[in-house]
Amino acid sequence: MKRFALLAWVILAACARSAPPPAPGASSAPPAVAYEAHVAAGGIAPAGGVLSNPHAGDAAVAKSGAQLFAAMNCDGCHNVGGSGWVGPSLADGRWRYGGADAEVFSSIYFGRPKGMPAFGGVLGTDGVWTLVTYIRSLPMPSDVPTESWEQP
Amino acid sequence: MLRLPAIRILLSCAATGICTGMAYAADAASGPVEDGQWTMPAKSYAATRYSGLAQINAQNARSLHPLWSFSTGVLAGHEGQPLVVGETMYVVTPWPNVLYAFDLRKEGHPLRWKYRPDVSSNALGVACCDAVNRGAFYADGRIVYNLLDGHTVAVDARSGRELWKTTIADMSNGETVTMAPFVVGDHVIVGASGGEFGIYGWLKALDLKTGKIVWTGHNMGPDKDMLAAADTFKPPYDGGVDVGAKSWAGDTWKSGGAPVWGWISYDPELDLIYYGTGNAAPYDPEARVGDNKWSASVLARRPGTGELVWAYQFTPHDNWDYDATGAMVLVDLTIAGKPVKALVHFDKNGFAYTLDRATGKVLVAAQFASVNWAKSVDLASGRPVIDPARQTGVSKGKVSGVCPSLEGAVSPASPPAYSPRTHLFYTSTNNLCMDYAAAHASHLRATPYIGVDFAYHPGPGGNLGAFIAWDATSGRRVWEDKESYPSWSGALVTAGDVAFYGTLDGWFKAVDARSGQLLSKFKVGSGVVGNPIAYRGPDGKEYVAVYAGIGGDWALLAGDTRSDDPTDVREPAEFMKDIARHTSQGGIVWIFGL
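Going line by line, the protein sequences match chains A and B.
For the first sequence, counting from 1, position 71 maps to 71 in this note's numbering; every step adds exactly one.
For the second sequence, counting from 1, position 184 maps to 184 in this note's numbering; every step adds exactly one.
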């Protein structure tokens, strides 16, 4: 388990950091790409770093992810069902660091500022994808930005 | 006549710019002669939160009004209380634990300085419930307080310069620090939060001059870890060699919680400090068979050496997250015609206890809120008479309708006050019951070690909270002011016979200490979970100060009152659907006067 997790880490690190081999006619300057999204606040993942969930939409995996959510004490911060406690709600359809599978994967695998631990080391790639599959299976409410106490 | 010495003390403070320390507690019940200051969290070593000031009284309190306010710039729950030393008010914020020093001599109270420590944001993920701080302690020209990420700091009260910073707690083991330190002589006494992280709970003493750790006493474990010696450790009921380890299945004491996040008090005559311990971890009691001593207990130690002198467990084998970290108030009472050196404690478990503080023996134990987990407390054995139907555990599944809820019949963060004039205690209460389904939890360092699914319901009567007056000699409620929401603020009572408290929906209230009649109220901008104080300003007038700033427990508040994070939008709590209609987050220091 541990070795597997380490291997996964090495592969990921390699994916993230390896540069393409120098091509004939290589330039000392980076390629000029007029792509404004690259300067957007919040950052854009490099094209080579896109991950895909091998279990996307698999209900059986989501079910074991629910068990993992309790066993890894995720519910201790995000509450049972991910409804939020000292950690943010995971069931409101809104995402601090993005709600795409790969973004949720990164949050769990590497951790996030303000206290989200990095679980990649203990769970390994497949464990994290199992959790992602569970979280993405939570029933998301339609986004209703208004909360009213007046009678309609 | 009492005024003269008080004014002289104040003048000497003014002349030097800072006071050199307060008089030793002459009388444990009423504290030192009133000097108009508020130099420690609970006003006196006896933790009475009683001010001898009487300018504001039951006749004129109707004209109380706000005179000054200041936004702390921080949005977490503002528990704790300001200090007033000489002509300076000191305010500690929740994480990132900024310390503000306000000049009370000048119009608008501009800052003399502010101190901004470098506090790790990782602590926000290790604190169980919110990034709170319960205040500072003034001693020997220093402001001493704790940082959420496991440090204690001493700051020069005059200049704001950092004098020392000591690492006391280990976040990688689930420890954070939210309590206010307590200074006795040369020792700064501190403890750590982490009952939800399976810590090995402890109390430490640091040297006030240097910050060096002098002693560490654990709250459970073998006698040597607990600083308990067979000839000097005399618990009033059950003890025995290594009872702090033997009352836990296997080595479960090593991750058994029993944190220290509440208040400490001190009796100079007996030379004992008193403090409560939190819940046993995890929340599934079947994972830690036994009494789990000394979780959910009060411990009495020598401040100089840390030696454990006695301990009493309010909730043996805690099944319900009934922390005993609430204040231990030291008062001299007359019970059945006999004078008693008493310790009075309002526990999360719904019983108010009056103990003999020399021995730990229970004299009175009575329900001050709706309780059904136990029928009574047997005074001969000191043990609660438990209703087996309310016991929890994984094998029992969901146990419904347990009262009080795991928020407690009162939050330990909401300390009571005692008036030697009315001989009554004043405290906030919660009227909540719960369904409790224990679940397996695995102990993974620095992650929560809890294991429960729970839901709250309003208790009998439907009001979710109250502010009450209590007679600790008879165990009787004298009056009650019902509140629509859980009552989460500390209490203050003054020689003007006025009691003060705040509400979760953001009212700050003054009531007649004898009748409970409302005298004045003001909407302070956010729910109140802090503790009011009274002080005499440089102009000789009496003022009352309190924090507004809802928070402290996002399980209770459901996060519906938050507006600070567009990516965290929660459903209202089922049991309290409209609290967000009346308040949202904020962090404001208020001063009231006539």
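The reader is advised that the hints may include incorrect statements.
[Said to hold, decoys possible] DSSO-like, lysine-lysine: derived pairs with alpha carbons at most 30 Å apart:
hint : chain 1 : residue 1 : chain 2 : residue 2
1    : B       : 114       : A       : 114
2    : B       : 398       : B       : 375
3    : B       : 338       : B       : 246
4    : B       : 234       : A       : 63
5    : B       : 396       : B       : 246
6    : B       : 396       : B       : 234
7    : B       : 246       : A       : 114
8    : B       : 234       : B       : 224
9    : A       : 63        : B       : 106
10   : B       : 114       : B       : 254
11   : B       : 398       : B       : 338
12   : B       : 521       : B       : 106
13   : B       : 341       : B       : 398
14   : B       : 398       : B       : 541
15   : B       : 165       : B       : 254
16   : B       : 482       : B       : 521
17   : B       : 165       : A       : 114
18   : B       : 212       : A       : 114
19   : A       : 114       : B       : 254
20   : B       : 396       : B       : 106
21   : B       : 375       : B       : 341
[Stated by the list, open to error] Derived contacts from chain B toward chain A, CB cut-off under 7 Å, selection only:
hint : residue
22   : 120
23   : 444
24   : 478
25   : 479
26   : 480
27   : 555
28   : 573
29   : 575
30   : 578
31   : 582
32   : 594
Derived from the structure by calculation, the hints contain no laboratory data.
What you are looking at is a predicted structure, and each value in this text was computed from that prediction instead of being measured.
For glycine and all other residues, C-beta sits at the position ideal for the given N, C-alpha and C.
These are the hints, each one checked on the structure:
The straight-line distance between the Cα atoms of residue 114/B and residue 114/A is roughly 23 Å, inside the 30 Å bound, and the hint therefore holds. Restraint check for residue 398/B and residue 375/B: the C-alpha separation of about 21 Å stays at or below 30 Å, so the hint holds. Between residue 338/B and residue 246/B the alpha-carbon distance is near 37 Å, which puts this suggested pair outside the 30 Å criterion. Restraint check: the Cα-Cα separation between residue 234/B and residue 63/A comes to about 52 Å, which exceeds 30 Å; the hinted pair is violated.
Restraint check for residue 396/B and residue 246/B: the C-alpha separation of about 25 Å stays at or below 30 Å, so the hint holds. The suggested pairing of residue 396/B with residue 234/B is violated, with an alpha-carbon distance near 36 Å, which exceeds 30 Å. Straight-line distance between C-alpha atoms of residue 246/B and residue 114/A comes to about 38 Å, which puts the hinted pair past the 30 Å bound. Under the criterion of a C-alpha separation no larger than 30 Å, the hint pairing residue 234/B with residue 224/B is consistent with the structure, at around 15 Å.
Straight-line distance between C-alpha atoms of residue 63/A and residue 106/B comes to about 63 Å, which puts the hinted pair past the 30 Å bound. Between residue 114/B and residue 254/B, the direct Cα distance comes to roughly 40 Å. Violation of the 30 Å bound is thereby established for this hinted pair. At most 30 Å may separate the alpha-carbon atoms for a hinted pair to count; residue 398/B and residue 338/B exceed this at roughly 46 Å. Annotation: proposed proximity of residue 521/B to residue 106/B holds, straight-line Cα distance about 27 Å (limit 30 Å).
For a cut-off of 30 Å, the pair hint linking residue 341/B to residue 398/B is broken: about 42 Å separates their Cα positions. Taking the CA atoms of residue 398/B and residue 541/B, the gap is about 55 Å. The hint is violated against a cut of 30 Å. Proximity of residue 165/B to residue 254/B is assessed by CA-CA distance (about 27 Å); at most 30 Å being required, the pair is judged to hold. Straight-line distance between C-alpha atoms of residue 482/B and residue 521/B comes to about 15 Å, which keeps the hinted pair within the 30 Å bound.
The suggested pairing of residue 165/B with residue 114/A holds, with an alpha-carbon distance near 22 Å, which does not exceed 30 Å. Distance hint between residue 212/B and residue 114/A is fulfilled; the C-alpha atoms sit about 29 Å from each other, no more than 30 Å. Between the alpha carbons of residue 114/A and residue 254/B the distance comes to roughly 27 Å, so the proposed pair stays at or under 30 Å and holds. The hinted pair formed by residue 396/B and residue 106/B fails the criterion: a straight-line CA distance of about 62 Å is larger than 30 Å.
For the proposed pair residue 375/B and residue 341/B, the alpha carbon gap of about 27 Å is at most 30 Å, so the pair holds. Violation of the interface hint for residue 120/B is found here, the shortest Cβ-Cβ separation to chain A being roughly 9 Å, above the 7 Å cut-off. Hint status for residue 444/B relative to chain A: holds, with the closest Cβ pair at about 6 Å, below 7 Å. The interface hint given for residue 478/B is broken, as the beta carbon of that residue sits about 36 Å from the closest beta carbon of chain A, more than 7 Å.
For residue 479/B, the interface hint is violated, since its Cβ never comes within 7 Å of a Cβ in chain A; the closest pair sits about 32 Å apart. Given the 7 Å rule on beta carbons, the hint for residue 480/B is violated: about 28 Å separates it from the nearest Cβ of chain A. With its C-beta approaching chain A no nearer than about 5 Å, residue 555/B sits inside the 7 Å limit, and its interface hint holds. Checking residue 573/B against chain A: minimum C-beta separation of about 10 Å lies over 7 Å; hint violated.
Below 7 Å, beta-carbon pairs count as interface contacts, and residue 575/B has none with chain A, the closest being about 14 Å; its hint is therefore violated. Satisfaction of the interface hint for residue 578/B is found here, the shortest Cβ-Cβ separation to chain A being roughly 6 Å, below the 7 Å cut-off. Below 7 Å, beta-carbon pairs count as interface contacts, and residue 582/B has none with chain A, the closest being about 10 Å; its hint is therefore violated. Interface hint status for residue 594/B: violated, as the beta-carbon distance to the closest one in chain A is roughly 36 Å, over 7 Å.
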